[in-house]
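Listed below are the residues making up each chain.
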Amino acid sequence: MLSGIMLIGGILVITRKNPVHSALALIVTLLAQASIYLMLYAPFVAGVQIILYAGGIMVLFLFVIMLVSIDRSMKERQFNSQWVVGIIAATALGGLFIAVFTKGKDIFPEHALPMVENDNTQQLATMLYGQYMFAFEIASLLLLVAIIGAVVMAKKRI
Amino acid sequence: MLAYIKSYLSSSQTPGAAGNMFWVLVYILIIFTGLSIAVMLMTWLERKVLAHMQVRLGPMRVGPHGLLQPIADSLKLLLKEDIIPTEADGFIFWIAPFIVVLAAFTVFVVIPFGPTHAITDMNIGILFMLGVSSLSVLGIVMAGWASNSHYPLIGALRSSAQMVSYEVAMGLAVVSAVLMTSLNAEGTGTLSMIGIVQAQQAQGEWFIFKFFPLGLIAFFIFAVAMIAETNRAPFDLAEAESELTAGFHTEYSGFRWSLFFLSEYTAMIAVSSIAVTLWLGGWLRPFPNWLNSPTWDKAFSLFPGIALLFLAAMCFFNAARMPKHPLFRVQTIGLAVFGIVLGLIGLFLFIPAVSVRVQDIFWFAAKVAGFMYLYIWYRGTFPRYRFDQLMQMGWKVLLPIGLGVLILTAGVALVQQNLWHP
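So the sequence lines, in the order shown, correspond to chains A and B. Residues 1 to 158 (our numbering) are what the first sequence spells out, left to right. Residues 1001 to 1422 (our numbering) are what the second sequence spells out, left to right.
Next comes chain A alone, as it looks inside the complex:
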């Protein structure tokens, strides 16, 4: 059912003409995704998903969309008409998913899902700051570079 909500939300995102409606449908999709994380015993990821995507990023999206004049953009021709490329990309991605689904047993190690709901957050922290420390730091550095780049591009005189 959750994936059904996600699918409907996703279709609404790309078919609505009004950008605000699209953004709201995207929020529904993201919330459904958070609930799927919850069902996979990943409460921390679900919480972060709600705070960052639904509560933070999407609000900024809406903020920008509302400042743009919507009446004009409604009349403009939509530029999502490259459906040939779209279909090819979608089939390729779908094929990949089906391949993983059918042959997944060979690719990924198989073991029962541990019920780690009680110390999920703590385990995540140990993993992130222990085993994957380097990747984590590199990712944060990348984000810092992106922020500085945005400031440099947006500001005329520094």
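Hints listed in this document are in silico derivations from the structure and should not be mistaken for laboratory results. Built from N, CA and C at the ideal position, the CB exists for glycine as well. Among the hints, a few may not be true.
Calculated pairs, SDA-like style, for lysine to any residue (alpha carbon to alpha carbon, straight line, at most 25 Å) [stated by the list, open to error]:
id: 1; chain 1: B; residue 1: K1396; chain 2: A; residue 2: L143
id: 2; chain 1: A; residue 1: K156; chain 2: B; residue 2: A1161
id: 3; chain 1: B; residue 1: K1396; chain 2: B; residue 2: T1381
Using C-beta positions, here's what the derived DEER-type ranges look like [claimed, not checked]:
id: 4; chain 1: A; residue 1: L60; chain 2: B; residue 2: N1184; range: 18 to 24 Å
id: 5; chain 1: A; residue 1: K17; chain 2: B; residue 2: E1081; range: 29 to 35 Å
id: 6; chain 1: A; residue 1: A135; chain 2: B; residue 2: N1184; range: 27 to 33 Å
id: 7; chain 1: A; residue 1: A135; chain 2: B; residue 2: E1243; range: 37 to 43 Å
id: 8; chain 1: B; residue 1: A1313; chain 2: A; residue 2: S140; range: 58 to 64 Å
id: 9; chain 1: B; residue 1: S1036; chain 2: A; residue 2: M1; range: 28 to 34 Å
id: 10; chain 1: A; residue 1: L124; chain 2: B; residue 2: Q1013; range: 20 to 26 Å
id: 11; chain 1: A; residue 1: L60; chain 2: B; residue 2: T1245; range: 23 to 29 Å
id: 12; chain 1: B; residue 1: R1357; chain 2: A; residue 2: M1; range: 36 to 42 Å
id: 13; chain 1: B; residue 1: S1036; chain 2: A; residue 2: A146; range: 42 to 48 Å
id: 14; chain 1: B; residue 1: F1022; chain 2: A; residue 2: A135; range: 45 to 51 Å
id: 15; chain 1: A; residue 1: L124; chain 2: B; residue 2: L1057; range: 52 to 58 Å
id: 16; chain 1: A; residue 1: I11; chain 2: B; residue 2: S1036; range: 37 to 43 Å
id: 17; chain 1: A; residue 1: T15; chain 2: B; residue 2: N1184; range: 50 to 56 Å
Chain A is already provided as a structure; the job is to place chain B on it using the hints.
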């Protein structure tokens, strides 16, 4: 069935953790009614206290000292005509107040009124609270945009910018408090609301006094950010009456407007409960170390009853002071009956079995009530900020201080953990 209901009473878990659906429902109903009554009382108290601060009388006509004013207000709101502007975006206009109310009430799932008095205890409690309360900004933005009018749109834009920027400072303050929970033998912290209070109990110190003055500064940052988060004075730019009529809910009327009103006050109670849980020891009674003998425990458990008896005495005192005019007879009798009811509840709370279960809730509610009074006090005292001043304060003052406090807390905690208790 009866055995199923009774089986929970002796447990030491929250109903959600025990998986007892009946008691979960009971708790949800109690919290919902309690909140509604608290919001009604709060509107009365706010008008009364503000009036007295400005040397006015406030509501006096409906009931003794205007006590029935909230009921009259809500009746008026329910009977008002419900208008949807023709140019408005129908569906979004319709759904926006529900999203705000939903976000405001869902938060109460994890708030611990006592070690067993919460609907459920979540592993990610505080994260859940911040996340769900951040969803309410969506409702505000939707309401402002869907009204298709200038004032609401400007109000919604202001409100969203303000809430998104203060959420950052708020998050940093919360992280520094969560970090303090990890100062135990195992060195692992917790995000669960009940776990946070239990950590304060185990360390024998409320986090506001921890690593003085670091805990105090973090608490101060949170206290400022939470006023901005709930769009209250002096940060009520989203609904600044002199500039934007009523901000994002200008076009709403009747029941829908009252939903926004309800959710604003509920959100105030919710963020105050976060502050109480994180820094003021949640349900723990005052002076747990200094006055820690069974006698003092006994004495403190009498407090809820004494507080209600005091209220009852105030009622009788004021009933006696009522003008001796035949027109005031109904009001005098009503006030006296109200006093008798309060007194009976107070006497009921003196039964040891009841007072043991109720005193946690009492201390929690008393601390939250203190915060609610502060809200009114701020509104009566501070002039409204300008928008650029607000942004400057959020990004240039609170955020750097929050980062500094976080780093210092982590450093001090590391030193204490490694050097003093090797």
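* Starting from K1396 of chain B, check that the Cα of T1381 of chain B is at most 25 Å away, please. => Distance of about 24 Å is within 25 Å: holds.
* **Whether the CB-CB distance between L124 of chain A and L1057 of chain B falls inside 52 to 58 Å** => Once the Cβ atoms are compared, 57 Å apart, the range 52 to 58 Å for L1057 of chain B and L124 of chain A holds.
* **Outcome of range test on Cβ distance (S1036 of chain B, A146 of chain A; 42 to 48 Å)** => With Cβ atoms ~46 Å apart, the hint holds.
* Pair hint outcome, K1396 of chain B versus L143 of chain A [Cα-Cα no greater than 25 Å] -> OK: K1396 of chain B and L143 of chain A at ~20 Å, within 25 Å.
* Asked: Does the hinted range 28 to 34 Å hold for S1036 of chain B and M1 of chain A at CB?
  -> Between S1036 of chain B and M1 of chain A, where Cβ atoms are some 32 Å apart, the hint holds.
* To do: State, for the Cβ atoms of I11 of chain A and S1036 of chain B, whether the hinted interval 37 to 43 Å holds or is violated.
  => holds, 39 Å
* Asked: So the hint says 29 to 35 Å: do the beta-carbon atoms of K17 of chain A and E1081 of chain B match that?
  -> Because 32 Å falls inside the window, the suggested range holds.
* Take a look at whether the Cβ-Cβ distance between T15 of chain A and N1184 of chain B falls inside 50 to 56 Å. => holds, 53 Å
* Cβ separation of L60 of chain A and T1245 of chain B, checked against the hinted range 23 to 29 Å -> Holds, since L60 of chain A and T1245 of chain B (Cβ atoms, about 26 Å apart) stay within the stated range.
* To do: With respect to the beta-carbon atoms only, verify the hint that A1313 of chain B and S140 of chain A lie 58 to 64 Å apart.
  => The hinted range 58 to 64 Å holds for A1313 of chain B and S140 of chain A, with Cβ atoms some 60 Å apart.
* **F1022 of chain B versus A135 of chain A beta-carbon gap, inside 45 to 51 Å or not** => holds, 47 Å
* Does the hinted range 36 to 42 Å hold for R1357 of chain B and M1 of chain A at CB? -> holds, 39 Å
Taken one by one, the earlier hints fail for this structure at numbers 4 and 7, listed in ascending order.
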